[in-house]
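S.K.: Starting from the known structure of chain A, arrange chain B on it as the hints suggest.
First to last, the sequence lines map onto chains A and B. Once you know that position 154 of the first sequence is 153 in numbering that gives the first Met the number 0, the rest is easy, because the numbers rise by one and skip nothing. Once you know that position 244 of the second sequence is 243 in numbering that gives the first Met the number 0, the rest is easy, because the numbers rise by one and skip nothing.
Hints were generated in silico from the structure; no laboratory data involved. The model shown is predicted, which means the values in this text are computed figures rather than measured ones. You may find that some hints are simply not true.
Computed from the model, here is a short list of chain A residues facing chain B with C-beta under 7 Å [said to hold, decoys possible]:
id, residue
1, Asp200
2, Ala201
3, Ile204
4, Asn220
Yeah, the Cβ is synthetic: ideal placement off N, Cα and C, and Gly gets one too.
The chain contents come next:
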Amino acid sequence: MSEIKDTVISDQKIYGSAFKVRLNRNLEIIKNVLSNPTTVIGLIIVILMILMALFAPIITEPNSPDPYQMPRDWKAARSAPLTPGHILGTTNRGGDVFYGVVWGARTSLKLSLLVVSLTLVLGVIIGSVAGIAGGKVDEVLMRIVDVFLSIPELIFALAIAAILGPSFTNIILALVVVFWVKYARIMRAQVIRIKQREYVDAAKIMGASKLQIYLKDILPNSFSPVMVQATLDMGNIVLVGATLSFIGLSEAGIAEWGVLVSEGQAGISAGRWWASTFPGLMVFLWALAFNLVGDGLRDVLDPRTETRR
Amino acid sequence: MVQTTPSNLNSFSNDLIASVEDLKVYFHSKEGLTHSVDGVSFDIIDGEIMGLVGETGCGKSVTARSFMQLVQTPPGVIAGGKIRFKSKKTGNQIVDLLSLTENQIRELRGERIAMIFQDPGKALNPGLTIRTQIAEVFQEHREDDVFKKAKIDHIHKNFIGAILQKYIKQQTNLIIKLMLLVPPIRAYKKKLDKAIDKLVIEALAETQIPNPEKVMERYPHELSGGMKQRVMIAQAIACNPDLLIADEPTTALDVIVQARILELITELQKRHKTSVLYISHDLSLVRKICDRVAVMFAGKIVESGDSDTIFKNPVHPYTKGLIKASFMTHERGKLEEIEGIETK
Numbered sequence: 000m001s002e003i004k005d006t007v008i009s010d011q012k013i014y015g016s017a018f019k020v021r022l023n024r025n026l027e028i029i030k031n032v033l034s035n036p037t038t039v040i041g042l043i044i045v046i047l048m049i050l051m052a053l054f055a056p057i058i059t060e061p062n063s064p065d066p067y068q069m070p071r072d073w074k075a076a077r078s079a080p081l082t083p084g085h086i087l088g089t090t091n092r093g094g095d096v097f098y099g100v101v102w103g104a105r106t107s108l109k110l111s112l113l114v115v116s117l118t119l120v121l122g123v124i125i126g127s128v129a130g131i132a133g134g135k136v137d138e139v140l141m142r143i144v145d146v147f148l149s150i151p152e153l154i155f156a157l158a159i160a161a162i163l164g165p166s167f168t169n170i171i172l173a174l175v176v177v178f179w180v181k182y183a184r185i186m187r188a189q190v191i192r193i194k195q196r197e198y199v200d201a202a203k204i205m206g207a208s209k210l211q212i213y214l215k216d217i218l219p220n221s222f223s224p225v226m227v228q229a230t231l232d233m234g235n236i237v238l239v240g241a242t243l244s245f246i247g248l249s250e251a252g253i254a255e256w257g258v259l260v261s262e263g264q265a266g267i268s269a270g271r272w273w274a275s276t277f278p279g280l281m282v283f284l285w286a287l288a289f290n291l292v293g294d295g296l297r298d299v300l301d302p303r304t305e306t307r308r
Numbered sequence: 000m001v002q003t004t005p006s007n008l009n010s011f012s013n014d015l016i017a018s019v020e021d022l023k024v025y026f027h028s029k030e031g032l033t034h035s036v037d038g039v040s041f042d043i044i045d046g047e048i049m050g051l052v053g054e055t056g057c058g059k060s061v062t063a064r065s066f067m068q069l070v071q072t073p074p075g076v077i078a079g080g081k082i083r084f085k086s087k088k089t090g091n092q093i094v095d096l097l098s099l100t101e102n103q104i105r106e107l108r109g110e111r112i113a114m115i116f117q118d119p120g121k122a123l124n125p126g127l128t129i130r131t132q133i134a135e136v137f138q139e140h141r142e143d144d145v146f147k148k149a150k151i152d153h154i155h156k157n158f159i160g161a162i163l164q165k166y167i168k169q170q171t172n173l174i175i176k177l178m179l180l181v182p183p184i185r186a187y188k189k190k191l192d193k194a195i196d197k198l199v200i201e202a203l204a205e206t207q208i209p210n211p212e213k214v215m216e217r218y219p220h221e222l223s224g225g226m227k228q229r230v231m232i233a234q235a236i237a238c239n240p241d242l243l244i245a246d247e248p249t250t251a252l253d254v255i256v257q258a259r260i261l262e263l264i265t266e267l268q269k270r271h272k273t274s275v276l277y278i279s280h281d282l283s284l285v286r287k288i289c290d291r292v293a294v295m296f297a298g299k300i301v302e303s304g305d306s307d308t309i310f311k312n313p314v315h316p317y318t319k320g321l322i323k324a325s326f327m328t329h330e331r332g333k334l335e336e337i338e339g340i341e342t343k
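Only chain B is shown next, with the shape it has when bound in the complex:
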């Protein structure tokens, strides 16, 4: 084991955004307890892209899901460890993600930590339009901005504002629905709806989706895989999170779309100064975009450090094998793409 243990196991230095310490996640199975993640430790420095590489089943995704408390218990067991996270919005307060209650983690989810999934086709609700799905993020976490965008933030505090807030937060009951029909309130409501539309369009435009105002009325099945992944990204960055977890976001896409999505992620990461935990099994890809890399094998981190150093001087035999197995020997040239059909 080389470079396995970070030096700052018990301290949380200032330049970190998150730090995983000795994380252990086990699963009950018929053969007994499976040690999916067995003592994983790594840090994510604020503003960097951290890569987590390893073969299928080595515990990458489970590690990522632990950040969000998404590991189902049972059959999963969080056997130990800490995931410390610095919430920038609440005055750099450091919290342990694993020990938060359901309500506390809900406040962080979406707003401070966001996640992009492997298969964009499965991660969007097939029964709702893109608009509704992205609007939810704004409605849940950025109601102030919605009011600001609608230029009616002056009524935020009074009685009408309270009703409209309920509407934005989707906590409507019959009385509020009736109140919303009263002409002046209705006018405000329409303004808010338009403001949300505009925010959604902006979010979509940021991911370079052509004709966002048309795309937002579509259902997921009417979009291509690359478009769906862009929608997922738009949804994830809509709240400007501190940490973006990308769980193999390009695995389900073809090479050209993959390259574009990667470009998009790195560009957005630079613009918003978001930290990214990039999970992948594709080494060449990780080398291209990540600042630092941790290599996982059978639930443990076998090697970690600066991505160039690791690729040039792999120390652990597993890393060596991985690098040999991938087509890394000669650099790839730029992919030529043919102009195809774009949605009008």
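Isolated chain A, as found in the complex:
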């Protein structure tokens, strides 16, 4: 190959067949995902939830000035479901349950996306540093992770949120502090596993720099378990977040499922079941859907786990 020959290969030939190969592969992956009915159910719920969150201002008229605050209709307080204007009824403080359910999806999406992306970045960076550096750096970082992991998730988040004071932002902060450790741990294990692979040596031999090796060989190949964990956490975070809001660590009156459940809680004994049931159901569906999708993703990304089909 000392001299450059000009072989005549038509572009059509190159790109025509390459496109076909790629298309077939992508179709194969989609088929793989869709062949698992539980994943499909999860996916449908997730898509509906996200659509609901995105189109919340269209589905219900946003409350002014702050749409994330529940609108109060004191005259119609404690109305049952299917009352005109209040499809799912109202709480004993006049909050429209339907509004809370719809805008709660938006709040939950915001919460889970923010927390997952922050923890993902933090965890991946710390895990990668520990895995690549090894030695003392690894030891110190992983002992810190161990300390974080030794405290139960919910209690730890509760303590931090309580110290910071009741607000939605503080719940996000508390969840970030609690959830990053898992990613760091998974990422470290993956990096250590992948960096001993022969193709990393092969890349070195081809003259790739350390950064290139990290970005092209180590990071993409260690990412799939992190991705699965992130999907599962999308559900778990809303579950923990709703718990914190239920206890009252979020701002009062915010359109959030946990807050709504706690607002309706007083009425349950008086037979007004609706104010707590609908938002509770939403939390349940949300967590379930993301767990189903996460499981399906794991089956596809990691062929070694047994499929339960």
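M.R.: Chain B in isolation, oriented as in the chain A frame:
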């Protein structure tokens, strides 16, 4: 010990491409220091296939990895010795591979010295297409050729050329990515992409892969072992290196594919006049393709010399044993192969 010490221990004669002198690589283990490679010396003559034979664990691979500074330290220790290498591209400058810095060795890796691994399945990144993996070699070491192939080498020097060079070298940041979207630059970028594709296809075609334009879009797991090894070879010779280290390249393959890969290596070696260090435990194979052979045993070279001489008159008892153990007594005939399935 017979013929152990080369006569030119302290000189580097002109016809050599590389010379290993008294190489010592030790490893720290629970039982203390393991002397994996204990004073190995041999020369590789320019343009020859040098065989390094020995049983598993005798230090063959460690020797090979030392060429590339791939021995992990710790637990490994380079206790002494020199590996001198003549870099033909930089005016026959002679360097000691063991004393180069990380950056200096990086310039040699891939470009002047390449390596083929034992298990092709493990040596390819499972997450990237064949195209990306071979393209990297061109992008890293042969950007001039990419420009030439795209017939836009006239813009090499100016501002646009600088941007495109960054693109080829994969040192893009946000600004450069935005610049690449500007229509005239984008047109050049597309030309470069096509040029890289063509170079990759040529490299694959040289290893006799059928339908290279389809194979390059595949991921490693979609290819057979023999195909993967061909891809590895394509990757290794893409830069036309001076020295190719083949670390048991056919061990993981079946006999028929093995024969084809060997044919390929010898053919490419002749065409490009590359020197090859061929590491194997298979004596019959080494005899077939190597000009000279060194026999390693327990971290030392026990015998070395012309391959026919060694096989006809083994002097060291270990070599004798090795030859006896292999099925060398009667020559093999040509392997009959049945026509099977080829990828369309």
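S.K.: Compare the structure with each hint and give your call.
M.R.: The hints, checked one at a time:
1. Asp200: holds, 6 Å
2. Ala201: holds, 4 Å
3. Ile204: This interface hint holds because 5 Å falls under the 7 Å limit.
4. Asn220: holds, 5 Å
Hint check: no violations occur; every hint is consistent with the structure.
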